[in-house]
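> So the protein sequences, as listed, match chains A and B.
When you line the first sequence up against our numbering, it's residues 162 to 428, in that order.
When you line the second sequence up against our numbering, it's residues 171 to 490, in that order.
It is worth saying that the hints were derived from the structure and are not from the lab.
Glycine residues also receive a C-beta, built at the ideal position from the N, C-alpha and C atoms.
Hints should not be assumed to be uniformly reliable.
[To be verified] Which residues of chain B face chain A? A partial, calculated answer using Cβ under 10 Å:
1. 229
2. 235
3. 237
4. 251
5. 252
6. 255
7. 369
8. 418
9. 471
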Amino acid sequence: MRLRYLTLIAVAFFSAFPLYYSVVVASRHNSALAQVPPPLVPGGNFFANVARVFDTVPFGLALVNSVIVAGSISLAVMFFSTLAGFAFAKLKFRGRNAMLVITVATMMVPAQLGIIPLYMLMVKLEWTGTTYALIVPALVNAFGVFFMTQYLSRALPTELLEAGRVDGCSTWGLFWHVVLPAARPAAAVLGMLTFMSAWNDYFWPLVVLNPDNPTVQVALSTLASGYVNDYVLGLAGTAIGTLPLVAVFALFGKQIIGGIMQGAVKG
Amino acid sequence: MSALPLAVTRRHRRSVRHTLDLRVSPYAYVAPFFLLFCAFGLFPLVYTAWVSLHEWTLLSDVQEFVGLGNYTTLLADGYFWNATFNTLSIGVLSTVPQLLLAVWLAHLLNRRLRFQTLFRISLLLPNVTSVVAVVVIFSQLFGRDFGMINWILSWFGVGNIDWAAGTASSHVALSVMIMWRWTGYNALIFLAAMQAVPRELYEAATLDGAGGFKQLRSITIPMIRPTIIFVVIVSTIGAMQIIAEPMLFGQSSGGGGGVATGGPDRQFQTLALFVYEQGFANSTFDFGYASAASWLMFLAVVVVAGINFLITRRVKGGIV
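Next comes chain B alone, as it looks inside the complex:
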């Protein structure tokens, strides 16, 4: 008689704990990610907007509210527009050939092939090389006097090019570095998507006498369109934020100029590098101005990614 209520309360307590466990555990398990993202991802992004409305430097404790003052100064700043131009130029030069090449390589790999694994590993080698190593290696290869690339070009009667010095040539050199690092990676992502395309489609096309290139255009590309759109957007977002390559190229090509100016004439300073220069590399540590530039850059990322999204959808729709 007396044992029964005890057992009931114990069972009751256990079931309360059990319900609590079922209800709360899932949230507790996903919480670390969301907490971390809010603290170190979302908060900084939003706070950037607040900082950008102030005269705010590392050196002063007083932050004066200036409204959109930083933005109007920026829009009249020639260096800002120069960085915008460089970002777009390097972005186009590195991304367009890279993605075309990646689709083609994936197409070549999407067959029964000997040494398949070996090819895939070699394609991804550049991607596991650190960006510092990539730029150091390629700065040497692109060296004016003793670089291997100028040596090879000299066979065709091309004189020694000072790659880091010119606007166009430095953009080409940087694009080569970026392409070298990312083409194989994107090729593997395309390949993953291509492997999900039903084999019968290709068999039927072969019976109809369609060649490899025709199959690529009229079967593969339409079938992997979602992946293409995804890769284009991600590559665009990445390309708009390029910073390490121009920064290190400026330092290791020995052309002079400041740590973050992207060459003595700012010939390859990107937007992200401009932000870094304003915030950290010049003596004023102008956080307010740099934050305003960050937000304009964010707008540019959204606009360019949006445009590319529309183009990718439209163009592929036209081919099908």
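Next comes chain A alone, as it looks inside the complex:
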């Protein structure tokens, strides 16, 4: 029993330490990194380093872009996933099961392989360099649909829908007045998961955006890819660009983890 706790504490330590250490480095001066032993507590240089981040890359613009992109993707995914989840979980129609199976199967498709035609498509649409290229393809995804289907088939009583029908609700009316309110807890978790993954998305934004109109992750990679290794600069950017999200996660972690584990079992 004691061994179990010791192991778990060690694992928790290894999970958290690199994050802590990145803050330590981000709050130091580059010269401090050459010390032996390396510094283990934060220094007083954090805000000076952050100011340097804003001087080096358009970080303010990157933050605005990331908020817009991740925010609109999350709202759209919550809405469209609940809509499709309602149909799959509670409505009867021909081909329902086959379509649900196909939806789940698309999660296995290695999306990265289509990256070149996807880029060509964006060139045709004249969306390269704009946030449309990030938002539109991500408006709804298979995971979200599956996640909401699972939740609604479990948590939404069919009698409630039947009562709504008797009262003369159309299908859309049912969705709006009955399903949406009932779906709120799961949709909130889905929204947080989607926001985090959209915020952290790196490869596609890198391909399709320009360095002068970046998202946070693209700006961070610009910071990190200088030929002179300015780790302090890179980690200061990391600290303001990604750690707030980690902090939010730590606050809502319980609900988010519950969501991940629920979505996982049936998959």
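Got chain A; can you put chain B on it based on the hints?
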């Protein structure tokens, strides 16, 4: 007399609208997903095959049909095979220890435990850290001269390792990053499956005097086999597509080389990174060649995932 037909037609019209609503609404509600998937998921994948049969670059408007020419060139391209080797090597190094560790951690968490939530949150912290942040942080930790990992190793008399420079050492460093980011996530998925295993099985086993490890082997693992197969397949598909880690490691470890070469000697260029280099990072923007590489990569994903599926089924069957 005259009011009746009016009421009937109104009722009729309402019932038509009602039937239409019942028939059409479900399809309309699932349509956004399927439309989006066709446009931005399926179409690009299929179109890749078409592009791969052409001499096709971003710079030229003329696309010449070359049949399987790109594929034969690829199969003779040493860089392609180098990338294939690196992908498999990093894939094995990162996935195998990761999944074993994840099963074990889930096993440890699958008990009444104080601070359960705290442990779970800390396990998932690395997963909500962005890949850029992970590589920047670990490039510093793996730094040759002032990195903390070399500093700790020096206590045991190990000299300063230039992690990014060697093939084996860079693969280890990248695998550590991947493991750090994904072990906790997979542990939670295993844990979710383990919680569905009936408690009585464990109680009976305890009465029979079976210890923790024995219970893990002969109860837990057989019972969560579907989840294990699922996680192995998903991890395989993910591992075959690794790109951001080697790309950023090449840039932030300061070893030189191109943006997408995976180190100056291509010592850690993966297949996906090779595709990116051909399509976007070198001056020819050779979409045809890159698309051919994409399709070979897709084949590799299918083959490796299939093999792993068979192995996972077989091995677990042997233990039971």
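> Now tell me if each hint is right for this structure.
Status of each hint after checking the structure:
no. : hint : result
1   : 229  : violated, 12 Å
2   : 235  : violated, 17 Å
3   : 237  : violated, 19 Å
4   : 251  : violated, 19 Å
5   : 252  : violated, 19 Å
6   : 255  : violated, 19 Å
7   : 369  : violated, 17 Å
8   : 418  : holds, 6 Å
9   : 471  : holds, 5 Å
Violation of the numbered hints given earlier is confined to hints 1, 2, 3, 4, 5, 6 and 7; the remaining hints are satisfied by the structure.
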